[in-house]
Each structure stands twice: as C-alpha cells, then as structure tokens.
Amino acid sequence: MPAYKVQWQQRVDVTATVTVELDELADWACEHLGLRTLEAGAPAGAAPAGVRMMLERNGPLREQLLQRWAAAHMPHR
Numbered sequence: 001m002p003a004y005k006v007q008w009q010q011r012v013d014v015t016a017t018v019t020v021e022l023d024e025l026a027d028w029a030c031e032h033l034g035l036r037t038l039e040a041g042a043p044a045g046a047a048p049a050g051v052r053m054m055l056e057r058n059g060p061l062r063e064q065l066l067q068r069w070a071a072a073h074m075p076h077r
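Those letters in the sequence shown? Residues 1 to 77, per the working numbering, in order.
Hints in this document: simulated from the structure, not taken from any laboratory.
Incorrect hints may appear among the rest.
[As the list claims (entries may be wrong)] With beta-carbon atoms standing in for the labels, derived distance ranges:
#1 D27 x M1: 13 to 23 Å
#2 D13 x P60: 30 to 40 Å
#3 A3 x G41: 49 to 59 Å
#4 G41 x R62: 49 to 59 Å
#5 Q64 x A44: 46 to 56 Å
#6 P60 x E21: 52 to 62 Å
#7 R62 x P2: 44 to 54 Å
#8 P2 x G34: 40 to 50 Å
#9 H73 x A40: 11 to 21 Å
#10 A40 x T17: 12 to 22 Å
#11 R62 x Y4: 19 to 29 Å
#12 Q67 x W8: 15 to 25 Å
Note that the coordinates shown come from a computational prediction; the quantities given were computed from them, not determined experimentally.
Every residue gets a Cβ at the ideal spot worked out from N, C-alpha and C, and that includes glycine.
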C-alpha cells in the first residue's frame with residue numbers, strides 16, 4: 001500500500017493559567033529571549049530590573065511574555 005506525506009497548517013487557540021513571579025519572568029525573558037534595550041542610543045542587553053518595570057507598566061508586553069513563557073514551559077510529548 002502506498003504511503004503519502006501530507007502537510008497542513010491549522011490555527012490552535014490555547015488558554016493557560018500560569019503562576020510566575022514577574023521577577024522570574026523578567027529573568028527568563030532576558031536569558032532566553034535575548035531582549036535588547038537602548039543605552040545612550042546603542043543597543044544593549046536588557047537588565048531584568050528594567051524588564052520587570054516594563055512588565056508592571058506595559059500590559060501588552062506582559063501578555064506577550066507570559067504567552068512565550070507558558071509555551072516554553074508546557075509539557076511536550
């Protein structure tokens with residue numbers, strides 16, 4: 001019997017409840033995502049304390065980083 005390879009894309013919506021301190025999220029984002037910032041007009045690695053401050057003040061950024069953190073920490077089969 002012949003075998004056929006098929007491929008497709010499909011959209012998946014995922015909802016997760018995560019428990020993570022913002023300090024831990026900021027540390028993880030700096031270490032694993034390579035976040036950058038501007039210092040005197042030049043790009044530099046972001047510091048966890050600065051990322052923590054942005055997480056407190058910027059809801060959309062917090063949402064995106066929480067999504068990335070949750071996806072990275074989900075069990076994979």
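Can you list which hints this structure breaks, lowest number first? 1, 2, 4, 5, 6, 9, 10, 11
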